[in-house]
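Undergrad: The chain contents come next:
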Amino acid sequence: MKCSLASLAAVALACAGAALAADPSQVARGKYLVTVAGCNDCHTPWIVGPNGPEPDMTRMLSGHPQAFKVTSPAKTPDEPWIMTAAVTNTAWSGPWGVSFTANLTPDPETGLGQWTQRNFTDTIRSGRHHGRGREILPPMPIRMYRNFTDDDLEAIFGYLGTIPAVKNRVPEPLPPAAPAGK
Amino acid sequence: MKLATALVASTLAAAVAGAAPSSEPLPQWLSETGYGAPEMQSFTPRYPLWSDGAAKRRWILLPAGTSIDRSKIDAWDFPPGTKLWKEFAFDSPIETRLIERLADGSWRFATYLWLPDGRDAELAHEWGLRMYPVSGAPDGRYAILSRNDCRACHEGPAVPVLGYSAVQLEAPPLPPALGYLHANCGHCHNATGAVAGVDLVLAQSAADPQASAQATRASLFGRASRFRSGDGDAARRDHVIVERMHSTNPYTRMPPIGVQVVDREGAALVEAWIRQTSEETSR
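As given, the protein sequences belong to chains A and B, one line each in that order. If you're matching positions, the first sequence starts at 1 in the working numbering and goes up one per residue. If you're matching positions, the second sequence starts at 183 in the working numbering and goes up one per residue.
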């Protein structure tokens with residue numbers, strides 16, 4: 001059997017990726033970081049349970065539910081209030097328009113399934129989608145999260161790859177009602 | 183809504199920060215970067231990047247006795263010490279951006295803001311300025327990009343120099359729409375960069391322009407976009423491209439960085455090419 005250098009490199013890389021994903025301590029650390037960093041607070045839709053509002057862990061980290069249609073920003077509150085949250089805690093309306101929390105599950109079509117570690121790290125570091133697209137909007141605490149170390153971000157992304165995939169297509173953000181520049 | 187405006191500006195400005203620190207301090211003034219040296223050579227790329235209608239001038243300076251290794255036609259190798267400047271002006275110069283190759287082969291990026299009297303330009307903060315007041319700019323506002331934003335575009339292709347390349351200066355001219363897509367989209371949307379997973383190849387090749395044009399057609403036509411049309415159906419990629427070029431929505435328009443105003447002429451050029459190519463391929 002012939003093996004080219006390129007294919008050997010590809011196998012080595014695949015093995016490295018698999019080893020990372022399968023490393024239980026790394027996955028456990030990622031789970032810990034995701035839990036204490038509050039990712040579920042916004043990326044898991046909230047429902048009203050027997051103890052009041054709580055994250056619906058059957059839809060863990062799947063982002064704003066696609067069936068929950070939001071078509072325009074909320075009425076702007078008077079100062080000192082500045083933003084409005086949807087009942088699911090997955091959509092936020094403010095001076096920037098409406099932001100929807102992303103699907104962080106590994107679903108290949110609607111989640112992070114096709115993202116690479118670099119895409120994820122670049123996003124958190126830069127505050128832009130994929131590190132080079134549109135800005136990540138409030139209330140995502142990018143200002144703080146960009147201080148995660150590379151190891152942290154690898155652990156988080158590794159853990160996110162192990163959670164149940166949920167097919168849920170989150171809408172694009174909505175612009176402000178009267179966008180600047182018009 | 184002063185509080186609201188300030189908060190969102192502050193939040194978003196912080197969001198684009200976070201660039202890795204430079205290995206050595208950047209000069210505080212443009213005049214200390216080598217700008218103005220008689221050896222600086224001006225150049226004009228064939229397919230300019232749309233920058234909201236700003237007037238632009240560009241220069242390159244190679245260290246004495248060095249030259250560019252052009253053996254890889256689509257990835258020219260610039261010697262350490264290479265510097266390029268690009269000036270953006272509305273009525274008068276606003277900023278001059280610098281790209282420099284360091285001794286270790288890495289690149290660094292900076293922006294210098296011109297003083298009102300035009301004497302010199304001072305180093306801008308690495309986070310940029312989102313709403314820099316500039317008379318003559320659209321809405322009187324101008325976005326000074328962060329160094330992370332510089333990297334977002336310039337570190338997309340194999341070589342971070344985008345306007346000084348074989349495609350831009352030496353190769354036989356491309357169909358204008360492909361040249362436009364190359365210059366305005368191809369630095370991110372190429373086959374090898376960080377968002378190669380999107381599988382949208384708009385960068386063109388001087389080494390094999392037929393192959394790159396074919397890759398562009400293959401990635402645009404007969405493909406469903408991940409974006410949805412109003413009724414929730416998968417939209418055609420060739421439609422979505424044009425839609426996003428015409429969009430004024432800051433979150434869905436393309437390109438996402440350095441543009442606030444739609445380039446109607448450029449979008450019309452691409453739209454006409456897409457219509458024509460689509461008809462040819464469906465015959």
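By construction, these hints were calculated from the structure, which means they are not laboratory data. Backbone N, C-alpha and C fix where the C-beta goes; we use that ideal spot for every residue, glycine too. Wrong hints could be hidden among the right ones.
Calculated from the model, a selection of chain B residues having no Cβ within reach of chain A, i.e. all distances over 12 angstroms [said to hold, decoys possible]:
1. Lys-238
2. Arg-290
3. Asp-331
4. Ala-334
5. Arg-419
6. Asn-431
7. Glu-462
Simulated restraints, written as ranges between beta carbons of each label pair [as the list claims (entries may be wrong)]:
8. A/Val-87 to B/Ala-406: 46 to 56 angstroms
9. A/Asp-150 to B/Pro-245: 50 to 60 angstroms
10. A/Asp-150 to B/Ser-213: 47 to 57 angstroms
11. B/Gly-287 to A/Thr-116: 20 to 30 angstroms
12. A/Thr-35 to B/His-428: 36 to 46 angstroms
13. A/Gln-117 to B/Pro-320: 31 to 41 angstroms
14. B/Gly-318 to A/Asp-23: 49 to 59 angstroms
Undergrad: Would B/Arg-419 pass as off the interface with chain A, using Cβ distances and a cut of 12 angstroms?
TA: Correct as stated: the minimum Cβ-Cβ distance to chain A is 15 angstroms, above 12 angstroms.
Undergrad: Quick check for students: does the CB of B/Asp-331 sit more than 12 angstroms from each CB in chain A?
TA: violated, 8 angstroms
Undergrad: Can we trust that B/Ala-334 is non-interface, i.e. its beta-carbon lies farther than 12 angstroms from all of chain A?
TA: violated, 4 angstroms
Undergrad: Take the C-beta atom of A/Asp-150 and the C-beta atom of B/Ser-213, compute their distance, and say whether it sits inside 47 to 57 angstroms.
TA: Given range 47 to 57 angstroms: violated, Cβ gap about 37 angstroms.
Undergrad: Over 12 angstroms to the closest beta carbon of chain A is the bar; see if B/Asn-431 clears it.
TA: Non-interface label on B/Asn-431 violated, nearest chain A Cβ at 5 angstroms vs cutoff 12 angstroms.
Undergrad: B/Arg-290 clear of chain A by more than 12 angstroms, beta carbon to beta carbon?
TA: For B/Arg-290, whose nearest Cβ neighbour in chain A is about 16 angstroms away, the distance exceeds 12 angstroms, so it holds.
Undergrad: Please test the hint of 50 to 60 angstroms on the beta carbon pair from A/Asp-150 and B/Pro-245.
TA: Check failed, 33 angstroms falls outside 50 to 60 angstroms.
Undergrad: Please check whether B/Gly-287 and A/Thr-116 have a Cβ separation lying inside 20 to 30 angstroms.
TA: holds, 24 angstroms
Undergrad: Cβ-Cβ distance between B/Gly-318 and A/Asp-23: within 49 to 59 angstroms?
TA: holds, 56 angstroms
Undergrad: Holds or violated: 31 to 41 angstroms for the Cβ distance of A/Gln-117 and B/Pro-320?
TA: holds, 37 angstroms
Undergrad: Over 12 angstroms from every CB of chain A: does B/Lys-238 meet that, or does the non-interface label fail?
TA: holds, 21 angstroms
Undergrad: Per the hint of 36 to 46 angstroms, is the separation of the Cβ atoms of A/Thr-35 and B/His-428 within bounds?
TA: The hint (36 to 46 angstroms, Cβ to Cβ) holds, given that A/Thr-35 and B/His-428 are roughly 43 angstroms apart.
Comparing the model with each earlier hint shows violations of hints 3, 4, 6, 8, 9, 10; every other hint is respected.
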